[in-house]
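Undergrad: Chains as they are written, first to last, in this note's numbering: chain C, 63 to 332; chain D, 6 to 295; chain U, 116 to 352.
Worth double-checking, as some hints may not be accurate.
No farther apart than 25 Å at their CA atoms in a straight line, the calculated lysine to any residue pairs in the SDA-like style are these [as the list claims (entries may be wrong)]:
no., chain 1, residue 1, chain 2, residue 2
1, C, Lys301, U, Arg240
2, C, Lys301, U, Ala313
3, D, Lys267, D, Gly189
Here are some of the chain D residues that sit facing chain U, going by a computed Cβ distance under 7 Å [unchecked claim]:
no., residue
4, His164
5, Gly166
6, Ala173
7, Asn177
8, Arg182
9, Gly185
10, Arg187
11, Trp190
Worth flagging that the hints you see were computed from the coordinates, not collected in a lab. Owing to the predicted nature of the structure, the values given are computational and were not obtained by experimental measurement. C-beta atoms are modelled at their ideal positions from N, C-alpha and C, and glycine is treated no differently.
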Amino acid sequence: MAAPAATPPPLLEVEGVVVRFGGVVALAGVSFEVGHREIRGLIGPNGSGKTTLFNCISGLCRPAAGEIRFEGVALSRVPRHARARLGIGRTFQHTALFRSLTVRENVLAGAHPLAGSGFLANALRLGGRVRREEREAEETARRLLALLSLEAVADAPVGRLPFGTQKRVELARALAAGPKLLLLDEPAGGLNHEEVYRLARLLFRIRREFELSILLVEHHMHLVTSVSDRVVALDFGEKIADGTPEAVRAEPAVIRAYLGEGAAAHGDAA
Amino acid sequence: MEGFAHQLVAGIATGGIYASVALALVMIYQATHHVNFAQGEMATFSTYLAWAAVQGGAPWWAALLGTVFASFAVGVAIERVLLRPMRSAPVLAVVCAFIGLMLIFNSITGAIFGYAVRPFPSPFETSAPLLGGLVSGHALGSTAVTLAVLALVWAFFRHTGLGLAMRAAAYNPVSARLVGIRVGWMLALGWGLAAAIGAVAGVMVAPVVFLEPNMMLGVLLYAFAGALLGGIDNPAGAVAGGFLVGVVENLAGAYLVGAELKLTLALAIIVGVLLLRPSGLFGRAVESRV
Amino acid sequence: MATLLEARALTAGYGGPPVLHGVALAVEEGGVTALLGANGAGKTTILRALCGMIAASGEVRFAGERIDGLPTEAIARRGIAHVPDGRGTFAELTVEENLRLGAITRRDRAAVAADLEGALTLFPRLRERWRQQAGTLSGGEQQMLAIARALLLRPRLLLLDEPSFGLAPLAVREVFGALARLRAEAGVAMLLVEQNAALALDLADRACLLETGRVVLQGEAAALRRDAAVRRAYLGR
Chain C
63 MAAPAATPPP LLEVEGVVVR FGGVVALAGV SFEVGHREIR GLIGPNGSGK TTLFNCISGL
123 CRPAAGEIRF EGVALSRVPR HARARLGIGR TFQHTALFRS LTVRENVLAG AHPLAGSGFL
183 ANALRLGGRV RREEREAEET ARRLLALLSL EAVADAPVGR LPFGTQKRVE LARALAAGPK
243 LLLLDEPAGG LNHEEVYRLA RLLFRIRREF ELSILLVEHH MHLVTSVSDR VVALDFGEKI
303 ADGTPEAVRA EPAVIRAYLG EGAAAHGDAA
Chain D
6 MEGFAHQLVA GIATGGIYAS VALALVMIYQ ATHHVNFAQG EMATFSTYLA WAAVQGGAPW
66 WAALLGTVFA SFAVGVAIER VLLRPMRSAP VLAVVCAFIG LMLIFNSITG AIFGYAVRPF
126 PSPFETSAPL LGGLVSGHAL GSTAVTLAVL ALVWAFFRHT GLGLAMRAAA YNPVSARLVG
186 IRVGWMLALG WGLAAAIGAV AGVMVAPVVF LEPNMMLGVL LYAFAGALLG GIDNPAGAVA
246 GGFLVGVVEN LAGAYLVGAE LKLTLALAII VGVLLLRPSG LFGRAVESRV
Chain U
116 MATLLEARAL TAGYGGPPVL HGVALAVEEG GVTALLGANG AGKTTILRAL CGMIAASGEV
176 RFAGERIDGL PTEAIARRGI AHVPDGRGTF AELTVEENLR LGAITRRDRA AVAADLEGAL
236 TLFPRLRERW RQQAGTLSGG EQQMLAIARA LLLRPRLLLL DEPSFGLAPL AVREVFGALA
296 RLRAEAGVAM LLVEQNAALA LDLADRACLL ETGRVVLQGE AAALRRDAAV RRAYLGR
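Just need the whole structure built from these sequences, with the hints factored in.
TA: The structure is reproduced here in C-alpha cells:
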C-alpha cells in the first residue's frame, strides 16, 4: 500500500511544547517547524525559553505536554543517546568539549555515533570493520578540520585555545556525527564583525555541503537576519512572532520585548 | 516494642557521631573534591590527646576544649604543609597522600599510646539509664553535644562573613580570589574545622567503643556511607544521611543481619548509593540557565 | 588626568608559547580604555595577566605602585575589580550572598550599605531576585549581578570581559547604559574588552587594537572610530 505522494513532513516539528520548572513556566505551548535544508533563527530575551527548547530537542529536558517530531518520528519515544544517531547535533553557548584532549581527538569523538560495529567489537578490536570505520572517521575529521580552518591547531589541547576557536571545534565535532539538523547556541559569541561575516558564509557552506538544516539561537541580529530563511521569536516561553527575518524584526512585540525602540542604531552596528 | 524504641534512640546517638564525621568529610570534599581518608585516624589521635589530658588531671570539659583547639591547629598545619604543595597534583597522588596520612596517624597513635584497648571516661552519668531505661546518660549527653556542634557549624557557615567566604572559596576559587578572599587560608581553615569536628566526634564515641588506635575505622565507613547517602556535595544532606545510617545500622543489627554483619551493611549502602543514585538522596544539581 | 593603570612590556601565556608579546597600555583616572582585536588576539589574557590570574612578566603600576607579581586577592583588595568572561558569579549562592561577597574585604559597614543601595538602584532587577540562587538568573541578570558584585568592592578600576556576551539586544543596552552612568556619576575607570566595537567605542575615550598579542594601534577612541581598518574589521561600514 503506497503512501500518497504528498509533501514529506518537515524535518522538525515542534508542537505545543510545554515545560515547567517548579511553578515557573519555561515554555507555554510553543509550535513551529524547521524545513529540510532550512536555516531557522530562534531569538528572544535571556530567559525566554530558547535553551530549554534546545534541551527538549536534544533530550536533556522532557516536555510536560506537546510533542517534537523529527522526520515524522515522535522524539518522546527516542532516548537521549539515540538522538545523535537519529541525526540531531548541537553546540553549547559556553562549549562542552573535552578540554584536555586535542582538537583532532575531540572531532574524532564526535564521529563516534556513526560507528555501527558496537561496543564489544570496538573493545576487542574485531576484524576489518572497526579498522575501516576508524579510517573513515579519521578521513571525516581531516575534512572537517580543513573546512573549519583548524588544521594549524589540530594537535593542540582544546583548553588552551581562544574561545572563538573552541566554538569552531565544537561545530566540527557536531558535524562529524553527520547530523541532519544542527542546533547552534550562539555561534557568534565572542566574534568581531569580520569574523561574524565569515561565520555567515561558513553556515551557508555547511548547509550546502552537508545538506542539513540549522536551528540557530543567536543575539547577533545582523547574523540572524542575513542567514535565516525564517525566524521564530519567543518571550516568556511563548511564540510572539514567526516569519521572514524582515517581518519578525518589524513585529511590534519583538521590538518591545527584544530589540528595543530604535534598535537599528545599535543592534546592527555589532 | 520497647526494644525497638531502645534501638531507635541508640541509633540516633551513634547517628550523631556519624553525622559529625560525615560533615567533616563533606567540608573537605566541597573545598578540594577529595575524600579525606585520614579523617578517622586524625580524630582517633585527637581523642588520645583528650585521654592524655584527662589522665594528667585536667577537668574533662577543659580536656575536650583543649583537644578541639589542638586538633584545629593540626588540621590547619596539615593543609599548609602537606596539601598546599599538592594543589595541582593528579588525583591519584592526592589519594596516595591521604592514605599515607591515615597510616602515619595510625602508627603515631600506636607508637605513643600503645595498642591496648582502654576505657574512656564519660562526663555524663552512665550508671542510671534515663527516660525509663530507654537511653543511657552518655547517649543522651553525646547526642546533645553533637547536635550543638552541628548547629554551631551551620550558624557559622550561614551567618558569618568568614563562613560565607569559606563557602565561596569552595564553590568557585577563581571568583573568590577576584573579590579579595585569601582562598589558601580558607582551605586551611576548612581543614582545621573538619579536624575539630572530628575530634568532638572521637571523644563522644570513645566511651562507647573504647579507646584503641583503630577505633574510628568503622565510624569512618559509616560516616562515608552517610555522606554519600545524603549527597557528598551537600552538608545538610550528609548530616541527615549520618543520622539515617546510625538508625538503620542499629535496627538492622538488632533485627536483620546481626552485629557481625553491620559493617557489611555500611559497604552495601555505599555501593548501592553509587550505583542507584550517585548524587545522594538529598543531592541537588543547580539548574543553570544561560 | 593622571594615569591610574599602566602596563609596560607585558608578556604572558598559559604555559605554552606566550600569548602576549610586550604589551603596553594605560587607563586614565576615571577614563575608559577599550581593547579591540580578533578572537585569540589576547584581550582576555591581558585582563587575566593584569590581576595576577596567570604568570606574566613586565611592569604593571596601579595608582603609582607596582602590582605585578602580587596574588590576585591582593590586587582585588587594592581596588581592581574584574568581571571575568563567563561572569564568575557564585551559581550556588543567592544574589544576596553574591553581593555580600563583593564587599567581603571591607570593614566600612555604613559605606558598604550605601554602595549596596547604589548597586541596586543601578540594577533594580537584582532586588526582585534577592533570595534566588545566582545560577537560576537569566544571562542578563547574571551579568548585572557580576557587575554589581564588582562595584561592591568600591573599585577604582573595573576590568570588564565581554559584558555583552550572550545578552539579548535589550539587555545589552541596559548593561551598557548602567556602565555609562557609572562612568559619568561615580567616575569609575574601566578597561573594557568587547566584541561589539561600536558599543565599546561609544563608552571609551581611549582604545587599543590588538593583533596576535601585540598592540598595533592605540589612541583616542574617536580617532580609532575613523580609522579605515578598524571600520572595516570591527564596525562593518
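Undergrad: So, for every hint listed, does it hold in this structure?
TA: The hints, checked one at a time:
| no. | hint | verdict |
| --- | --- | --- |
| 1 | Lys301/C with Arg240/U | holds (24 Å) |
| 2 | Lys301/C with Ala313/U | violated (31 Å) |
| 3 | Lys267/D with Gly189/D | violated (39 Å) |
| 4 | His164 | violated (11 Å) |
| 5 | Gly166 | holds (6 Å) |
| 6 | Ala173 | holds (5 Å) |
| 7 | Asn177 | holds (5 Å) |
| 8 | Arg182 | holds (4 Å) |
| 9 | Gly185 | holds (4 Å) |
| 10 | Arg187 | holds (5 Å) |
| 11 | Trp190 | violated (10 Å) |
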